[in-house]
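Protein chains: 2
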Amino acid sequence: MKEFRKELLDLVPYTPGEQPSSKSKIIKLNTNENPYAPSPKCSIALKEIMDLGLLRKYPNPSSDSLRDSIAQVYGISKENILVTNGSDEAIRLLFLGVLGNQSTIASPDPTYSAYPVFADTIMVDYCFIKVPLLENFHFDWQSLLETQADLVAFANPNAPTSLLEPKEQVLDFVNKFPGFVLCDEAYIDFAKANSSCIQEACSSDNLFVSRTFSKSYSLAGLRVGFLVGSTKNIAILHKLKDSYNVGMLDQAIAQAAISDQDYFKEITSKILATRSSLSSSLVDLGCDVVTSSTNFLFVKPPKGHKAKDWFEKLKNQAIYIRYFSSGVSSDFIRITIGTDEESNHVLSAIRNFLENP
Amino acid sequence: MKEFRKELLDLVPYTPGEQPSSKSKIIKLNTNENPYAPSPKCSIALKEIMDLGLLRKYPNPSSDSLRDSIAQVYGISKENILVTNGSDEAIRLLFLGVLGNQSTIASPDPTYSAYPVFADTIMVDYCFIKVPLLENFHFDWQSLLETQADLVAFANPNAPTSLLEPKEQVLDFVNKFPGFVLCDEAYIDFAKANSSCIQEACSSDNLFVSRTFSKSYSLAGLRVGFLVGSTKNIAILHKLKDSYNVGMLDQAIAQAAISDQDYFKEITSKILATRSSLSSSLVDLGCDVVTSSTNFLFVKPPKGHKAKDWFEKLKNQAIYIRYFSSGVSSDFIRITIGTDEESNHVLSAIRNFLENP
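Protein sequence lines, in the order shown, are assigned to chains U and R.
Here the first sequence is numbered in my numbering, starting from 1 and rising by one per residue.
Here the second sequence is numbered in my numbering, starting from 1 and rising by one per residue.
Just to be clear, a hint being listed does not mean it is correct.
In this list, chains with the same sequence are indistinguishable; a pair is considered to hold if it fits within one copy or across any two.
Said to hold, decoys possible - Pairs of lysine-lysine, DSBU-like flavour, derived with a Cα cap of 35 Å:
(1) Lys-78 / Lys-306
(2) Lys-2 / Lys-167
(3) Lys-239 / Lys-25
(4) Lys-270 / Lys-308
(5) Lys-130 / Lys-167
(6) Lys-232 / Lys-41
(7) Lys-25 / Lys-47
(8) Lys-232 / Lys-167
Hints were generated in silico from the structure; no laboratory data involved.
Nothing here was measured: the structure is a model prediction, and the numbers come from that model.
Please model the complete structure; the sequences and the hints are all you need to start from.
This is the structure we're talking about:
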């Protein structure tokens, strides 16, 4: 009897943050979801499809209209864009396209923890080099360069640290590095203006930028992301996707959302304001808070308090945040920026921990 | 500079049937879409999600509620089911799980032409054995057995022939064959009752059955399919999917559709009635029509008429059907079963070809 590939038996999949039933009354700040509903235009787009009875038909296989809208927003060409089933598919297809057995991948450590999982699913015999962050949590660019890996993958701004690497630094690395570079910009819409490398990816031989609609566009429930790269590189990866990789509703809703830039700016500003105030309050309470360019904070409790305890005590109060038990992250909690009201709940809980240790 | 895997440069992706703009007035019988709208319950499920503003949250990562509903309809356990982004993902994950370099895959020829494409995307050095159909278009089971391949993949009922292999025959093969078997039942809901191998897949070490919501549930616009196999096999493949592989709307709509069995039976009966009458009329006109167990007909024009000509002439009249230019298929056209009205349009066009050759 034939068997599954043996290495798969030990494969440990990526663990997403807990998704408690939507009926339970909790404050959910554990998976970096947006606290605000998606653009009202999404419902209109949806209703149109349902009213016209279009769901019985196959979707556009290359998400053409959505690519037009993305291209317009970023001032790039649609041929530079591959729309995917969440940015996870973007990352997976890039890995599939450029890696093979004996390949070497490098990543800062910590960063998005799914990269090694993608590698595990497609390769047997490869090398994954984790390059520890510098003490200030920035990337150790020199060591990343010295890996001479086939692919370097990182999130910028990084998760779970929330820290942004300056664009000039990223581009300088891309120029020097002989391999492919994946710059995963899932959180870039929460960083200061002009931090994205999207435009530069279009004219680069080795840089790819991935994006998602899950965070800043409030559409985690959909699975839509995209990859940006040179026309030539994107054309090759386009051949690797499943024929109809993104559903009709997902294409239409994502398009409605990205076309409503006013709403997008409005909710993003609200999140940045809440972030700023939550961050100040936590600092006032004696926490270390990394300067965030994302929709979450990476927070170290004051001396005498343990991150893991706070995580558990908050959970007991039905406030879900995220805790990573390994490495440098184990001293921190990650709190998604919710509404002001949710922030206040977290703050009063933490005040209570400090007053009644 | 690092490069893409060389073999990808020559990769030829699967070509889906043409998707002309939904605004153009055509009769579209080229991609086996269902002519009827999905269950009205789908819109209700959708509205609930939008009204509750749930799209900002991640979907259930394992499509749990949908798996419950599927399990109930087929009298199987949810642990036997992997819900996927279209049945394409089901097939791709199975290939990824059981194949590696040096693997051998076998398929009847012709069958769903995407199987070699999936193999191409994940493997460099492998062997794909195409076993020609018998003259009566049934599978050459003996030759498939003799391939001793790691995996045999086929559609049953088969595409583009529309012909059903009897369940006993499939199970007999599965018992004798030492490798894995993928029985792709995309069209089985249009076959006679008790033709499916779903129940048997649950207790088999080597049989997998894939299904889709695209055809009989009128949901090609969504991307939802599923794979059925033993609890042990499905648990391994579950680890290979992207963390959130199926969107929230897709899960909810597919669940609404499969839970509305009355509507499902109603539209399926209508399609079977149209199929029966279109088939008889084409036979009366002198065509050879394969006995269809699907929502399409595989039709050979009478002597003196060429399938390719009919395909082109129908297209000129804005009637889209499908034509495959290679092998035995090149003598046939494939016509999706639409409404009675659409059938009548096809019939009068064909009558005209015969009267004015």
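Here is how each hint holds up against the structure:
1. For the homomeric pair Lys-78 and Lys-306, neither the shortest alpha-carbon distance inside one copy (48 Å) nor that between copies (40 Å) is at most 35 Å.
2. Proximity of Lys-2 and Lys-167 under a CA criterion of 35 Å is satisfied inter-copy only: 23 Å between copies versus 49 Å inside one chain copy.
3. Only between protomers do Lys-239 and Lys-25 lie at most 35 Å apart by alpha-carbon distance; the minimum there is 30 Å, versus 44 Å within a single protomer.
4. For the homomeric pair Lys-270 and Lys-308, the shortest alpha-carbon distance inside one copy (29 Å) is at most 35 Å, but the shortest distance between copies (60 Å) is not.
5. Only within a single protomer do Lys-130 and Lys-167 lie at most 35 Å apart by alpha-carbon distance; the minimum there is 22 Å, versus 51 Å between protomers.
6. Only within a single protomer do Lys-232 and Lys-41 lie at most 35 Å apart by alpha-carbon distance; the minimum there is 34 Å, versus 44 Å between protomers.
7. Within a single copy, Lys-25 and Lys-47 get their C-alpha atoms as close as 29 Å, and across copies as close as 22 Å, so both meet the 35 Å cut-off.
8. In the homo-oligomer, the alpha carbons of Lys-232 and Lys-167 lie at most 35 Å apart inside one protomer (23 Å), although the nearest pairing across protomers, at 47 Å, exceeds that limit.
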